[in-house]
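Colleague: Note that the protein sequences, when read in sequence, are chains A and B.
Position one of the first sequence corresponds to residue 1 (our numbering), numbered consecutively onward.
Position one of the second sequence corresponds to residue 389 (our numbering), numbered consecutively onward.
To be clear, the hints were calculated from the coordinates, so they are not data collected in a lab.
Virtual Cβ for every residue (Gly too), placed ideally from N, Cα, C.
Heads up, some of the hints might be wrong.
[Claimed, not checked] Simulated coverage check for chain A against chain B, where a stretch passes if three residues somewhere in it have a Cβ under 8 Å from a Cβ of chain B:
| hint | segment |
| --- | --- |
| 1 | 288-294 |
| 2 | 381-387 |
[To be verified] Computed beta-carbon distance windows for the label pairs:
| hint | chain 1 | residue 1 | chain 2 | residue 2 | range |
| --- | --- | --- | --- | --- | --- |
| 3 | B | Asp622 | A | Glu226 | 52 to 62 Å |
| 4 | B | Pro636 | A | Gly307 | 36 to 46 Å |
| 5 | B | Ala531 | A | Ser129 | 51 to 61 Å |
| 6 | A | Gly307 | B | Asn392 | 50 to 60 Å |
| 7 | B | Asn444 | A | Ser38 | 54 to 64 Å |
| 8 | B | Asn392 | A | Gly345 | 54 to 64 Å |
| 9 | B | Arg567 | A | Pro32 | 44 to 54 Å |
| 10 | B | Val617 | A | Ala110 | 35 to 45 Å |
| 11 | A | Ile362 | B | Asn444 | 27 to 37 Å |
| 12 | B | Asn392 | A | Ala349 | 28 to 38 Å |
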Amino acid sequence: MVMAQPPIYLDNAATTPVREEVFEAMRPFFGPKFGNPSSIHSFGREARAALDEARERLATCLGAHPDEVSFNSCGTEGDNTAVLCLWRAMRDSGRNAVVTTPIEHKAVLAAAHEVAHEGGEERILDVDSNGVVVDASFDEQVRDDVAVASVMWVNNETGVIQDIPALAQRAKQRGVAFHTDAVQAFGKVAIDARTQPFDLLSISGHKIGAPKGIGALFIRRGTAFEPLIRGGSQDRGRRAGTENLAYVVGLATAAELAVAEREQHWKETEHMRDRLQALLLAAIPDAVVHSRGAQRAPHVLNISVPGTDNESMLMALDLRGIACSGGSACQSGSVTPSHVLSALGVAPALANAAVRMSFGPINTEADVDRVAEVFPKLVAKARSMAAA
Amino acid sequence: MLPNRVLVAMSGGVDSSVAAALLVEHGYDVVGVTMKLFSDGSEVPDRPCCSLDSVNDARRVCERLGIPHYVLNMESRFGHDVMDDFVAEYVAGRTPIPCVRCNTFTKFRDLLHTADSIDAQWIATGHYARVRDGELLRGSDDAKDQTYFLWGIDRAVISRMILPVGDMTKAETRAIATRLGLTMVANKADSQEICFVPDGDYVKVIAQRAGADSPALQRGPIVHSDGRVLGEHDGYARFTVGQRRGLPGGFADPLFVVAIRPEDRAVIVGPREELLGTGVAATEVNWLVETPPVPGDPVQVRIRHHSPLAHGVVLRAEDGEVEIALDEAVVAISPGQSLVIYSGDRLLGGGFIASPRRARTELPLLVG
Chain A
1 MVMAQPPIYL DNAATTPVRE EVFEAMRPFF GPKFGNPSSI HSFGREARAA LDEARERLAT
61 CLGAHPDEVS FNSCGTEGDN TAVLCLWRAM RDSGRNAVVT TPIEHKAVLA AAHEVAHEGG
121 EERILDVDSN GVVVDASFDE QVRDDVAVAS VMWVNNETGV IQDIPALAQR AKQRGVAFHT
181 DAVQAFGKVA IDARTQPFDL LSISGHKIGA PKGIGALFIR RGTAFEPLIR GGSQDRGRRA
241 GTENLAYVVG LATAAELAVA EREQHWKETE HMRDRLQALL LAAIPDAVVH SRGAQRAPHV
301 LNISVPGTDN ESMLMALDLR GIACSGGSAC QSGSVTPSHV LSALGVAPAL ANAAVRMSFG
361 PINTEADVDR VAEVFPKLVA KARSMAAA
Chain B
389 MLPNRVLVAM SGGVDSSVAA ALLVEHGYDV VGVTMKLFSD GSEVPDRPCC SLDSVNDARR
449 VCERLGIPHY VLNMESRFGH DVMDDFVAEY VAGRTPIPCV RCNTFTKFRD LLHTADSIDA
509 QWIATGHYAR VRDGELLRGS DDAKDQTYFL WGIDRAVISR MILPVGDMTK AETRAIATRL
569 GLTMVANKAD SQEICFVPDG DYVKVIAQRA GADSPALQRG PIVHSDGRVL GEHDGYARFT
629 VGQRRGLPGG FADPLFVVAI RPEDRAVIVG PREELLGTGV AATEVNWLVE TPPVPGDPVQ
689 VRIRHHSPLA HGVVLRAEDG EVEIALDEAV VAISPGQSLV IYSGDRLLGG GFIASPRRAR
749 TELPLLVG
């Protein structure tokens, strides 16, 4: 493949490169500091100290107590754990339902389906055409028979932001545990467990410059919990298994950087995103930006151009050196219609045209210029072919 | 258009994998694409194409070759253009050949559209057929020749086609796969059946798409061509012209299906000589040469994949129809199958074999 310029990566909502600082912080744990944190000897103590410190550092990033931080393997594990472990702990006390939204990540939706499969009740909240949870629906569904309500803070496909502190407060008033998938939110919105009454919150390392394969679940003190993974006594019995110490340290380091840089990062990505959005809408006036009418995280631009299809667009963009994504990718790699856009009431043809561009620290304003130049050309070509 | 870029349709089989590999060797800018044509639910075992394993094989080949690979979801278009037609043909009492429509609509129309969208000048497949001077020739390996399935494509596409394995034998293709280290596909079995018909049970596909209450799946009479009702069958879609299986026995001469009559769901049977046809007529004719044959021209035809070439003369060729008089009678000309017309190695064109009574011995064979 001949490519004049290096490719542009506009898929930061899918994953991000490991930051240099993170890589350096992890390095000793692949070498001299290889101990098992559960061992009683000096190697173990050294590892245990690093684990405790990492837990404290991540807790500080979340406004949490260290014992409220449970390290795990990824956002999917956190989401699964939050929904299933809460429900299994509560099901026998008259709280047999779980409530979530139709625009959640599959990690939450599949867990809610599993609840239904195991005899519980799965309730899906209404969202408006921007993907924002409808208040009346929340009040109606989140009753005293609910074990856990799970609402994602920032949607991975459109970037729409929910008012999580308010929803968590309303859940709390009904005695319902509240989980939020904050995988896309962490490092974007301000998160503080001291002032925001969520009970569980999941994050993922590889969205913020840590490696793939590490995540964490915040579990507020006093929250009922039935472990998913059983074995040794690691993590207070909440998640058995030897800790992935190098990655734990990597996550803590990346999280600290993300929190420290949060406001600056918001400003920079929002500027790039808004400029690209304006340039594309100027060039393609009938393009539709999803969730545009609501508050969005600064890094996501999800745009549909009528008369195009995202399979061809994504291929053509990729071959021009621009990496974006469509809806959720199925196992075979083909693009399937997005359940998120469907829930927003987007017509199938328009949903199948959706291209998600997501910004991160590795992007520059020059990337915006190049995409703003190439994308409309590909649209014009696709449309002329469709008309032929 | 990028004059060096070629889109290769990759099924995950050895032929299209070698096609892609040869194009890479020749310096083309190769883009691999696997079409997902139908849902491969867990109830469907590994199929020659479209299963997840096949997609994975195609991806592994592309990774090995260092070329990009994409999966295109063409389920709805394939379902409409190929599978719905497949079912409708059986319901109409004919024996369809979906591979023709897949080539015509899916590979060399829809996928060409994708090639256009990525500025690829060329489209390549693993078909055993050859391109020369804007025409298609039969593949060098007579046992593997696939021109029978290619007669329906838009003639203008031929000038953009590359068929890298068309002048090889299957054994040579496998040897190249081995030489290039494409171990994941080198010894894969040939695909024999229709890709979306698991275990050859096409009746199940008809029942799924047309409903189990489709007339084609209801009981009907088995009628001898002399008018006698011999018994009942449990759905005329289970029969095809020339078939013996499933018919009553105990007759002096074996009986064959000679026609299917959907109007009264009758399967018409008769002795072998009633299967013989000395002529054949086709509709929806498509020509792939600049100067199609005219009445009086000698041609060779195939009435079935792998049937021997039959010699004949064009009787009529107009209005999208063609009639051929055969030098010697052939057996079991089945409505719905393809009539494919050659002059030597050249694929001239083809059409769908027309209504049942045309496949009988009387001449001339008028259409319509």
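Colleague: Kindly indicate which numbered hints from before are broken by the structure, ordering the numbers from low to high.
Modeller: 1, 4, 6, 7, 8 and 10
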